[in-house]
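K.L.:
Mapping the sequence shown onto UniProt numbering, position 81 (from 1) lands on 81, and the numbers just tick up by one.
Keep in mind the hints are simulated off the structure, nothing from the lab.
Glycine included, each C-beta is placed from N, C-alpha and C at the ideal position.
Check before you lean on any hint, since a few could be wrong.
DEER-style ranges, computed between Cβ atoms [to be verified]: (1) Pro228 to Val289: 37 to 43 Å; (2) Lys278 to Thr224: 24 to 30 Å; (3) Arg188 to Lys285: 34 to 40 Å; (4) Asn282 to Gly41: 18 to 24 Å; (5) Lys198 to Arg118: 28 to 34 Å; (6) Asn157 to Val89: 47 to 53 Å; (7) Met55 to Val289: 46 to 52 Å.
Below, computed lysine-lysine pairings styled on BS3-like, alpha-carbon distance capped at 30 Å [said to hold, decoys possible]: (8) Lys198 to Lys160; (9) Lys223 to Lys278; (10) Lys198 to Lys187; (11) Lys223 to Lys285; (12) Lys223 to Lys187; (13) Lys160 to Lys187; (14) Lys198 to Lys223.
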Amino acid sequence: MISCYGSCGDLAKGIEFVFDSLLQPDIVTWSALITGFSQSGDYANALVFFAKLLMGGGSADSILLASVLAASSQLAILGPGCEIHGYAVRHERDTEVMVSSALVDMYAKCGFLESGIRVFRNMVDRNIVLYNSVISCLGLYGRADEAFEVFDELRENGLKPDEATFSGLLCACCHAGLVNEGRQYFKRMTDEFGIQNKTEHNVYMVKLLGMDGQLRQAYEFIKTMPEPVDCSVWGALLSCCDAHNANELPEVIADHLIGSKSRNHSYDVMLSNLFASKGRWNDVKQLRVDNGGAKGKIPGISWSAIS
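Just need the whole structure built from these sequences, with the hints factored in.
P.N.:
Laid out in structure tokens, this is it:
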């Protein structure tokens, strides 16, 4: 029941009608509640109720530990993450890959990447999930050379890279501005390992080319993709155009975004400013109408765009 309320986005009602009526909730109920908070973005309550579980004498399995570590990662709060790590060590859960991968991610997102790397190095049995976690975290920090070394290591250990591996490598190339290396890994992914490029890979390639000023090349790359192109790909190029003050491409990209069935509203501020700068006031108005059904409101047009 609690899981059902959580998936419907009404976890508070689930607590009121189900959880609060139970005298002694079991671990399954606690897990459903805490995981529901985490998955719905209420990370603070996920940690609060996890603490209540432990204070009441309850215990946590590896799935629940991974969930609350993910909550700590999203909040970028080191204290609770360290306490959860300590609990995992005391209960011999820290050697489970699901937990260790979550620990690597938590430490990295809290600004303590070296601690995450130590967790990785202390693991005897490393699978592709754990390797991917380290590559991804190194990528976020722009430590591309180290990410490449970890990739070589996993190959030497007989593991086969997957989609997530190359997402991490392309992320590393993107943050380090390594265009040629990014191209090479993208090509290896499809040609050498037979992995079909997904939206996330395409976004990284567009960002890699676009932030290097190769806006036209990024646009031509998008044109090679099968329709419909996900809005996040067009949005990535629009962001690059905005960073480079490009004049021609943004309107073309904007029209693709407006017509995209997968469109979300995260790019509407840029679109609104762009349309305003071009005098396309009907489009600005339409954006506001469209946002009537979206969560939140589209912020007003910045003064710099219409000055």
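K.L.:
Look at each hint and say if it fits the structure.
P.N.:
Evaluated hints:
As the Cβ distance of Pro228 to Val289 is approximately 22 Å, the hint placing it in 37 to 43 Å is violated. The hinted range of 24 to 30 Å is satisfied by Lys278 and Thr224, whose Cβ atoms lie roughly 28 Å apart. One distance hint, 34 to 40 Å for the beta-carbon pair Arg188 and Lys285, is violated here, with the actual separation near 47 Å. Between Asn282 and Gly41, the C-beta spacing of about 34 Å breaks the proposed range 18 to 24 Å.
Against the hinted window of 28 to 34 Å, the Cβ-Cβ separation of Lys198 and Arg118 comes to about 31 Å, which satisfies the hint. Separation of Asn157 from Val89 is about 25 Å and departs from the stated range, judged on CB atoms against 47 to 53 Å. The given range of 46 to 52 Å is respected by Met55 and Val289, whose C-beta atoms sit roughly 49 Å from each other. A hinted pair counts as satisfied when its Cα atoms are at most 30 Å apart, and Lys198 with Lys160 qualifies at roughly 18 Å.
Among the hinted pairs, Lys223 with Lys278 is consistent with the structure: their alpha-carbon atoms are about 24 Å apart, no more than 30 Å. At most 30 Å may separate the alpha-carbon atoms for a hinted pair to count; Lys198 and Lys187 meet this at roughly 13 Å. With a C-alpha separation of about 29 Å, the suggested pair Lys223 and Lys285 falls inside the 30 Å cut-off, and the hint holds. Note on Lys223 and Lys187: the hinted pairing holds, with a Cα-Cα distance of about 17 Å set against a maximum of 30 Å.
Distance check on the hinted pair: Lys160 and Lys187 sit about 16 Å apart at the alpha-carbon level, within 30 Å; holds. For the hint linking Lys198 to Lys223, the alpha-carbon distance of about 15 Å falls within 30 Å, and the restraint holds.
The earlier numbered hints that this structure contradicts are 1, 3, 4, 6.
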